[in-house]
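Enquirer: With the hints as your guide, set chain B onto chain A.
Residue numbers (the numbering used here), protein chains in the order written: chain A, 37 to 313; chain B, 12 to 274.
Worth double-checking, as some hints may not be accurate.
[Unchecked claim] Computed, partial: chain B to chain A, Cβ under 10 angstroms: (1) Glu-14; (2) Ser-164; (3) Val-175; (4) Arg-220; (5) Gly-231; (6) Leu-234.
[What the hints assert, rightly or not] Listed below are several chain A residues computed to face chain B (Cβ distance under 7 angstroms; list not exhaustive): (7) Val-103; (8) Arg-105; (9) Gly-106; (10) Asn-116; (11) Thr-126; (12) Val-130; (13) Ala-134; (14) Phe-142; (15) Trp-155; (16) Gln-159.
[Claimed, not checked] Anything over 12 angstroms on all C-beta distances counts as not near chain A; from chain B, calculated: (17) Arg-19; (18) Leu-86; (19) Leu-108; (20) Leu-111; (21) Tyr-116; (22) Ala-138.
Since the hints were derived computationally from the structure, they do not count as laboratory data.
Every residue, glycine too, gets a C-beta built ideally from N, C-alpha and C.
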Amino acid sequence: MSALRFDDVTIRLGRRDILSAASFEIRDGEFIGMLGANGAGKTTLMRAALGLIPVAAGAISVLDEPVARGNPAIGYMPQNRGAMAGLRLTGWDVVASAAIGRRFGFVRLDKTKRREIDWALDQVGARDLASRSIGELSGGELQKVLLSEALLGRPRLLLLDEPLISLDPAHQKSIVETARRICDDLKVAIVFSAHELNPLVNAIDRVLYLGSGAAVIGPVDEVVTGPVLSRLYGSDIEVVHIKDRYFVMAGDVDVEREAHRHDHQHGSSHDHDDAHV
Amino acid sequence: MFEYDFMRTAFAASGIAAILAGTVGFFLVLRGQTFAGHALSHAGFTGATGAVLFGFSPLAGLVGFTTLVGVGMGLFGEKLAQRDVAIGMMLSLALGLGLLFLHFYTAAATQAAALLFGNVLGVDEQALLTLVLLAVLSLTALAFIGRPLVFASLQPELADARGVPLRFVSAAFLAIVAVAVAECAQIVGVLLVFTLMVGPAAAAMNLTRRLAAAVALSAGLALAEAWGGLTLAYYTDWPTSFWITALSGMVFFGAAAARRFAG
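So that you can see chain A by itself, here it is in the shape it has in the complex (with noise of 0.2 angstroms):
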């Protein structure tokens, strides 16, 4: 059974095919990296398979079904973490909204709601971070609050976009940890999108890296080569490996160490701006 497959499928955002007839396979309970450029359609192939952009070509599969809006087996952690900046409401009302915020009527947050959301909050260790204000949380504890909202519902994907974005490497690390063991716990499996490899590479599976519209999935090895990211980039890649830290070179600059200080001078990812145009 796989847990995410996507059949030569192609994604047109305006004019630009974000993917061009691209294939791949997630088996189920397994930890996926993904990498790419920014702009490389990290956040459009999330959003696909969420049912949120159309596939102008090819089809997508989620668990053997075919993608559905909503669908209760993905667990999703959009990059745009909401507006909780100064927000004086608890972490745990904040998950407890998204825990029964799909369901219109007269809902009553009764003692099996209130489990499912403590049992989510002790996942990723933030049952206590979860009593205080959501706006006065640092940025690793907010990522672990709203982390635990993807379980919500016990869903048998994760698509986790970007978690790590400006974290410290003590938080990156204990996030990408938490990841881990969630997909060993709860034999889910989980695509996490990421700017670097480095933090992850321990902690995977499998990478899959995109570029040019093609999506390339295998080890770490395979992958993360001159020839397969020269092609990826469209343009002549070095990839220099040492123990196990990769550094992806154009010339003499590293790409990924470059998108990533880049995304920190304007606050926000292009990648993920892309997909709403």
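Expert: Then chain B, alone, in the frame of chain A:
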């Protein structure tokens, strides 16, 4: 003061409008759409003056036109409803139109003052009944869309992915806001709607971290401010709307200070 019929009616009318405004206002503040609410009240001025000019009741014009504009704003999507320039332009356009209607309708001065600054003592039994019905309807509708509304307000992108119909929620909510604005305008006038819709809600958010408590507190504060203002107006013979704005301002700044000192 309860021996007078008009005072009893005024207490009932302002109480109902305040509870509705406090409750709806909380979500307005949560969504960051307070300016949209303010603009809706100006549309109410156009609706009311237009209705009078064409021989309808001002309340009907007020409710009808604000609802129309509210739904329109909602359907244009989240983005427009939060866009300051578009809203500001609409607001002045609405006031300008209202002025034109007043120009054609002679004997306008008292009518205009009542619309702009409210006339709670002028509410009759018929109008009171309308206010009650509209408030019950709006609060029921608000409870019905409440959960998706909070979700969509806090995390629109996630709500969208989970299948919450954002545009419907937004339009339905602004229709409810429109009714609340119209009710409020009866009490404090279109220019001062902010005082009951935004003041108590913003204060409540400074006083508690819990969602349910904040909604209840917002409604309670609005009620206390409306009744307090009415009582003070009775004993001082100053305008009710002035007292309500004064109390609302005091509570808001007091709550902000309390939060700051509490850390």
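Enquirer: Holds or violated: is the Cβ of Gly-231(B) closer than 10 angstroms to a Cβ in chain A?
Expert: violated, 17 angstroms
Enquirer: Non-interface claim for Leu-108(B): all C-beta distances to chain A beyond 12 angstroms?
Expert: Leu-108(B) is indeed farther than 12 angstroms from all Cβ atoms of chain A, at 33 angstroms.
Enquirer: So, Glu-14(B) near chain A? Judge it on the closest CB pair being under 10 angstroms.
Expert: violated, 40 angstroms
Enquirer: The hint names Gln-159(A) as touching chain B; please verify it with the least Cβ-Cβ distance against 7 angstroms.
Expert: violated, 17 angstroms
Enquirer: Would the non-interface assignment of Ala-138(B) survive a Cβ cutoff of 12 angstroms against chain A?
Expert: Label holds. Min Cβ-Cβ 29 angstroms, cutoff 12 angstroms.
Enquirer: Against chain A, run the beta carbon of Leu-234(B) and see if the smallest gap drops under 10 angstroms.
Expert: Hint on Leu-234(B): violated, closest Cβ of chain A at ~22 angstroms, above 10 angstroms.
Enquirer: Is the interface hint for Arg-105(A) satisfied, with its Cβ closer than 7 angstroms to some Cβ of chain B?
Expert: holds, 5 angstroms
Enquirer: Take the shortest C-beta to C-beta distance between Arg-220(B) and chain A; is it under 10 angstroms?
Expert: Where the cut-off is 10 angstroms and the nearest Cβ of chain A is about 5 angstroms from Arg-220(B), the hint holds.
Enquirer: Does Asn-116(A) pass the interface hint, meaning its C-beta sits closer than 7 angstroms to a C-beta of chain B?
Expert: Where the cut-off is 7 angstroms and the nearest Cβ of chain B is about 5 angstroms from Asn-116(A), the hint holds.
Enquirer: Does Thr-126(A) pass the interface hint, meaning its C-beta sits closer than 7 angstroms to a C-beta of chain B?
Expert: Check passed: Cβ of Thr-126(A) comes within 5 angstroms of chain B, closer than 7 angstroms.
Enquirer: Quick check for students: does the CB of Arg-19(B) sit more than 12 angstroms from each CB in chain A?
Expert: holds, 32 angstroms
Enquirer: Grab the minimum C-beta distance from Phe-142(A) to chain B and call the hint holds if it beats 7 angstroms, violated otherwise.
Expert: holds, 6 angstroms
Hint compliance for this structure: hints 1, 5, 6, 7, 15 and 16 are broken, all remaining hints hold.
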